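Chemist: Heads up, the sequence shown is in this note's numbering, so the first residue is 949 and it goes up one at a time.
Between beta-carbon pairs, the in silico distance windows are:
| no. | residue 1 | residue 2 | range |
| --- | --- | --- | --- |
| 1 | Lys1102 | Thr1003 | 37 to 45 Å |
| 2 | Arg1138 | Ser1112 | 20 to 28 Å |
| 3 | Thr950 | Thr1081 | 32 to 40 Å |
Dumping the calculated DSS-like pairs for lysine-lysine here, alpha-carbon to alpha-carbon at most 30 Å:
| no. | residue 1 | residue 2 |
| --- | --- | --- |
| 4 | Lys1181 | Lys1067 |
| 5 | Lys1181 | Lys1213 |
| 6 | Lys1097 | Lys1129 |
| 7 | Lys1213 | Lys1063 |
| 8 | Lys1097 | Lys1174 |
| 9 | Lys1038 | Lys1088 |
| 10 | Lys1129 | Lys1182 |
| 11 | Lys1028 | Lys1038 |
| 12 | Lys1143 | Lys1182 |
| 13 | Lys1067 | Lys1143 |
| 14 | Lys1049 | Lys1102 |
| 15 | Lys1173 | Lys1063 |
| 16 | Lys1213 | Lys1143 |
| 17 | Lys1097 | Lys1067 |
| 18 | Lys1097 | Lys1063 |
| 19 | Lys1173 | Lys1143 |
| 20 | Lys1088 | Lys1102 |
| 21 | Lys1173 | Lys1057 |
| 22 | Lys1213 | Lys1067 |
| 23 | Lys1129 | Lys1213 |
| 24 | Lys1057 | Lys1141 |
| 25 | Lys1049 | Lys1174 |
| 26 | Lys954 | Lys1028 |
Hint data in this document are derived by calculation from the structure and do not stem from the laboratory. In this text, all values refer to a predicted model and were calculated from it rather than measured experimentally. By construction, the Cβ of each residue, glycine as well, lies at the ideal position given by its N, Cα and C atoms.
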Amino acid sequence: MTPRQKEIGDKLLQFLARKGQANTDEYFHHLTRECQFNDWSDQGAIGMVKAELLTLDLIEQLGQVDNYIKLTPYGVMAEKTGIAQWMARKQFRQERNITSKEKRIAILKGLYERKFDGKIYDLRPFLPTATLTELYQIAKALENDGLIKMVASKDSVHGEITLSGVEVIDAEETDLAYQPKDKFNPDESRTLKAKIDELGDRLSRMEVGQQITYDDLIHELEELKKLVDVLGKKNWLQILKGKLVDAGFGVIADQVSELIIEIFKEEKFLKN
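Given these sequences and hints, build the entire structure.
Modeler: Below you can see the structure in the form of structure tokens.
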């Protein structure tokens, strides 16, 4: 509804609240006077507003003779708040009432659109009406299922979709399937996986401190190997940097970066 239609609708609801019910002539003459209509095109808006209010279930029609209408229970509430505010609250309730599965999918789809860039994202824009506690609970359930990686604080919840999460969305909407144009060929894939194994072996001999455990390291490297057959070269390199250079190694991050360059520098296909 346009702002003008809502204004007319509010006046009709107020009139019906006072009258109880009214026929076509009664509410037509009242609105013509209240809204100061100047011509027939303005007056035609009354019929459009009536149709909108019937669709919104704010008024009901009592019979065909003289076309009486009255407020519904929703109409009584809308008359007190105004149509604009009532419609906003209705939209809010609809968003809050979506199922748990729909909320999980909403987060996954939001992260899916930002997949494979090595970054984490605030989850609030994907469920704007959720409380922080609810958002955390949903994100934690997704993390427990292996579909996202979550980072939470007292005032925010961030996440990054995993390969398993991508596969869930791909299965749900095949038209969204990720199809990179710069995929590794079979020889490049085998070479990269061998290099990743070499990287893991050499990292295991480094003093990585308490910031990242050996199990964490193996998990990250195994996921990198899986992503070789999924991602394009550009996205895979971004993930490599995000996983192993910027996160988890603390004061030895520079050493890790140098090690990665040393191991992968001969692979020309990573430079294209």
